[in-house]
Amino acid sequence: MADKTKNAEPKVGSVSRPPTAFEYGYDKSFRILTLAAGVLTVLLLVYIFWKLGALAAPAMREYGLGFLTTVEWNPNKNEYGILAEIWGTLYSSFLALLFGGVLGISVAIFLTQGFLNARLAWVFRLIVEMLAAIPSVVYGLWGIYVLIPAIRPMANWLHETLPFIPFFSTKLAGPGMFPAMIVLSIMILPTVAAISQDAFKAIPMKIQEAAYGMGTTKWEAIRKVIIPTASGGIFASLVLGFGRALGETMALAMLIGNAQQVSLSLFSPATTLASLLASTFPEAGANQIGPLMYAAVVLLVITMAVNFIGTIIMNYTSRQTVT
Amino acid sequence: MSTTEQTTMNPEVVALGDPDLSFSFGERRTLMNFLQTVTLWILAGIAAIPLISVLWMLISRGGLRISTAIFTELPPAPFEQGGGIGNAIVGTLVMVAIASLISIPIGILGGLYTGLLNPDSRISALIRFVGKVLTGFPSILSGVFVYAWLVIVMKTYSAIAGGVSLSILMLPTVLLTAEQAFRMVPQRMKDAAYGMGCNSTQVATKIVLPTALPGVMTGVMLAVAGASGESAPLLFTALFSNYWIGSFTEPTASLSILIYNFSAMPYENQIELAWTASLVLVLIVLVFNILSRSFGTRRV
Amino acid sequence: MSMEMEMNKLEATAAQQAAGDVAIGANIDKIYYGDFLAVRDAAVDIEKGKITGFIGPSGCGKSTVLRSLNRMNDLIPIFRLEGHVHFLGQDVYGKNVDPVVVRRHIGMVFQQPNPFSMSIFENVAFGLRLNGFKGDISGRVEKALRRAALWNEVKDKLKQNGLSLSGGQQQRLCIARAIATEPTVLLMDEPCSALDPIATRQIEELMLQLKKDYTVAIVTHNMQQAIRVADKTAFFSVDMTQGGRTGFLVEVGDTKQVFENPKENLTKEYLSGEFS
Numbered sequence: 001m002a003d004k005t006k007n008a009e010p011k012v013g014s015v016s017r018p019p020t021a022f023e024y025g026y027d028k029s030f031r032i033l034t035l036a037a038g039v040l041t042v043l044l045l046v047y048i049f050w051k052l053g054a055l056a057a058p059a060m061r062e063y064g065l066g067f068l069t070t071v072e073w074n075p076n077k078n079e080y081g082i083l084a085e086i087w088g089t090l091y092s093s094f095l096a097l098l099f100g101g102v103l104g105i106s107v108a109i110f111l112t113q114g115f116l117n118a119r120l121a122w123v124f125r126l127i128v129e130m131l132a133a134i135p136s137v138v139y140g141l142w143g144i145y146v147l148i149p150a151i152r153p154m155a156n157w158l159h160e161t162l163p164f165i166p167f168f169s170t171k172l173a174g175p176g177m178f179p180a181m182i183v184l185s186i187m188i189l190p191t192v193a194a195i196s197q198d199a200f201k202a203i204p205m206k207i208q209e210a211a212y213g214m215g216t217t218k219w220e221a222i223r224k225v226i227i228p229t230a231s232g233g234i235f236a237s238l239v240l241g242f243g244r245a246l247g248e249t250m251a252l253a254m255l256i257g258n259a260q261q262v263s264l265s266l267f268s269p270a271t272t273l274a275s276l277l278a279s280t281f282p283e284a285g286a287n288q289i290g291p292l293m294y295a296a297v298v299l300l301v302i303t304m305a306v307n308f309i310g311t312i313i314m315n316y317t318s319r320q321t322v323t
Numbered sequence: 001m002s003t004t005e006q007t008t009m010n011p012e013v014v015a016l017g018d019p020d021l022s023f024s025f026g027e028r029r030t031l032m033n034f035l036q037t038v039t040l041w042i043l044a045g046i047a048a049i050p051l052i053s054v055l056w057m058l059i060s061r062g063g064l065r066i067s068t069a070i071f072t073e074l075p076p077a078p079f080e081q082g083g084g085i086g087n088a089i090v091g092t093l094v095m096v097a098i099a100s101l102i103s104i105p106i107g108i109l110g111g112l113y114t115g116l117l118n119p120d121s122r123i124s125a126l127i128r129f130v131g132k133v134l135t136g137f138p139s140i141l142s143g144v145f146v147y148a149w150l151v152i153v154m155k156t157y158s159a160i161a162g163g164v165s166l167s168i169l170m171l172p173t174v175l176l177t178a179e180q181a182f183r184m185v186p187q188r189m190k191d192a193a194y195g196m197g198c199n200s201t202q203v204a205t206k207i208v209l210p211t212a213l214p215g216v217m218t219g220v221m222l223a224v225a226g227a228s229g230e231s232a233p234l235l236f237t238a239l240f241s242n243y244w245i246g247s248f249t250e251p252t253a254s255l256s257i258l259i260y261n262f263s264a265m266p267y268e269n270q271i272e273l274a275w276t277a278s279l280v281l282v283l284i285v286l287v288f289n290i291l292s293r294s295f296g297t298r299r300v
Numbered sequence: 001m002s003m004e005m006e007m008n009k010l011e012a013t014a015a016q017q018a019a020g021d022v023a024i025g026a027n028i029d030k031i032y033y034g035d036f037l038a039v040r041d042a043a044v045d046i047e048k049g050k051i052t053g054f055i056g057p058s059g060c061g062k063s064t065v066l067r068s069l070n071r072m073n074d075l076i077p078i079f080r081l082e083g084h085v086h087f088l089g090q091d092v093y094g095k096n097v098d099p100v101v102v103r104r105h106i107g108m109v110f111q112q113p114n115p116f117s118m119s120i121f122e123n124v125a126f127g128l129r130l131n132g133f134k135g136d137i138s139g140r141v142e143k144a145l146r147r148a149a150l151w152n153e154v155k156d157k158l159k160q161n162g163l164s165l166s167g168g169q170q171q172r173l174c175i176a177r178a179i180a181t182e183p184t185v186l187l188m189d190e191p192c193s194a195l196d197p198i199a200t201r202q203i204e205e206l207m208l209q210l211k212k213d214y215t216v217a218i219v220t221h222n223m224q225q226a227i228r229v230a231d232k233t234a235f236f237s238v239d240m241t242q243g244g245r246t247g248f249l250v251e252v253g254d255t256k257q258v259f260e261n262p263k264e265n266l267t268k269e270y271l272s273g274e275f276s
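Protein chains in written order, with this note's numbering: chain A, 1 to 323; chain B, 1 to 300; chain C, 1 to 276.
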């Protein structure tokens, strides 16, 4: 273009000029750089799957699917299985979802449905954000020295009075499923609260007005109109909260007791995939690395599948509320 | 069809007289409304108890040992009295800095691609999706991955491996919040820049990046805050060290691993230090959180 | 449209281009957004040193045509244009043409005032720096601000953020920003639509001033404004017969002629509706 404009007459005094060769090159390389950064993020996930998969492959071949249904983890006898870990991971996350989910959704309703004046809402939002900001390992420390001593009398009283209920069938000697579950509930509360808050906020004012216009009380409006409308986002928040709980490591490694057993009892020690990795990996001998990588892949597949589903639900529902 | 017509035709309705519009507490639905609100207050209170308890413990137990020695001395051996957590504070900051150097440029560049340069393409949708999935990536697996990838190759635990491991957890947060911030820059401002004859890079670097900077910094600070508190990714990448950091390629101490190690020790001195380290760690995390908030409020 | 008319128009365009008084010769057959036909049959010449007004009912594609003159529409991925736009004799949509260069020669002022979030001075200097101008930047900035009739109001606060100005001042700042590089043509897309009547008045006065030095094309929904400022007027209408809303050019001519003695019935009907 530059040379062709010679015979045409741009305005007198115009400073317009085409970009220099450097600017063209800079533009092109910058755009390639941004694309590369984005693609790198995708490749990272692919590479993680590939790398862990490759390291786990020998153990997968050796132990097969029986690995998933064996309770034993005995390096001396070269017997490995992660049934106890899978059970503990799912059981603790499910319990945490039950409590943390209810609390998180309540907080979200509380914050979005006009129960609080601006100042109180600010305080509550601060509390939720602070809960999210406290590191896992600090919750673990708190669990050991505050929570377990505090709940032990109540837990043991429950065990003594109602020993026939499977949830209370053992004593709480120290670490165990119950304190782990409580801390896990606290830790997923902010996730559930934040995502379901977004779902509640996405509901247009006119829908709430329509409900109040029909003569509903606040709670009838919330139960019959607001919650059903936000159900997609609430569901997504629960799925993603569940995903967080599955992968949570340090607090559980410190509180759950790391015992290789499958039990319904809330007061018996248990273990999870993440805490197996955290507690065994640092001192693992060469023969344990394979099975540990196998366990890591199982955790990776479970958490990524749950997150995948949660993200799809969230994308789908947010698209729905926009249209 | 109108209701007035109906009422005049139906004598029974007329016989009911004027409706009572006053607020009646005894009515079932009003009572339910009240009970449900009370339940909600109780649930919200339950959510607040652990936070208050944690904060109380941090201040009352962690605060006991705050002194200059904490920042200048090395962790004590068993049975030893006193000591500090200086090397762990330095180690945490060093590794978070390494993680920031890796994840912030990649995240911002990636965010520019998905948020500005090519927002509607399939590849952007894929990047965004992977970013969202990665936000739920278990932190322990980041450690396992970096162990398998770097520690085995470098044949040593190191601050670099710890930093890389943290950067994997920071990347999705930085990328997604940066993208969001770039999208919030008004289209008319981007139009103005294109209309002046800017190429895409000039629009990105001269207009969009400076305008969106507060929003980007919010995300960056949140990611930094999160990374500072992480421990699982450091367990077998940085490991721990009882000494000051000497190079980036040797095992490195961190606050979170110090808390984890000391929490299981049967010595009162170590447990006290674990509480103090927790207080320091929470303060570091909170500082970054507050920074993130202060950037957010200055948004144009 | 008959073959004969088509030929006449092409000849006319060619003749004017040869005479050198046409800055932009647009000969647009069709503009698509995806499958949607937004505009058809729009042939307009933007003559040098004159103000050409684009008028017509909403949805008639006048803004779309204007934005295709400097390839702003390229930013919409599904945009597609059939036809030609010639700028100083070259096809703006030619194979090797960089839209970035086109936009540096054809400046634009938008509907909404859109100053950058930087100082008033830097806003105006932006284009100068962008084009690597090495001369007297502050002189050029002052000159542009004076011509945009904004100098007196901002000369003591050039370091303030451009967004701190009022809406009308912001729009004049955008005009100053656009003219600082002395572009060959200035496109204005309803520049007053977001402004109050007083600010509108100021911008109109400004346009009459600019007329002496600039080639301007302006889209406006305000007939009075077109009469006040435009030398030539292009009247667009919208065709809803084929299910969609397709804009097309009805007629173009001197403003006086188009308003007082329109050739086409469509124009007559529209104007009588507007002014009755």
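Treat the hints as calculated values from the structure; they're not laboratory data. In this text, all values refer to a predicted model and were calculated from it rather than measured experimentally. You may find that some hints are simply not true.
Below, in silico cross-link-like pairs of lysine-lysine (BS3-like), each with a Cα-Cα straight-line distance of 30 Å or less [what the hints assert, rightly or not]:
| hint | chain 1 | residue 1 | chain 2 | residue 2 |
| --- | --- | --- | --- | --- |
| 1 | C | K95 | A | K28 |
| 2 | C | K30 | C | K50 |
| 3 | B | K206 | A | K51 |
Some, not all, of what chain C presents toward chain B, calculated at C-beta under 8 Å [to be verified]:
| hint | residue |
| --- | --- |
| 4 | F110 |
| 5 | L130 |
| 6 | G132 |
| 7 | F133 |
| 8 | G135 |
Just so it is clear, CB atoms sit at the ideal spot from N, CA and C, and this is done for glycine as well.
How the hints compare with the structure:
{"no.": "1", "hint": "C:K95 x A:K28", "in the structure": "18 Å, holds"}
{"no.": "2", "hint": "C:K30 x C:K50", "in the structure": "26 Å, holds"}
{"no.": "3", "hint": "B:K206 x A:K51", "in the structure": "40 Å, violated"}
{"no.": "4", "hint": "F110", "in the structure": "6 Å, holds"}
{"no.": "5", "hint": "L130", "in the structure": "6 Å, holds"}
{"no.": "6", "hint": "G132", "in the structure": "12 Å, violated"}
{"no.": "7", "hint": "F133", "in the structure": "12 Å, violated"}
{"no.": "8", "hint": "G135", "in the structure": "18 Å, violated"}
The structure is inconsistent with the numbered hints 3, 6, 7, 8, although it conforms to all the rest.
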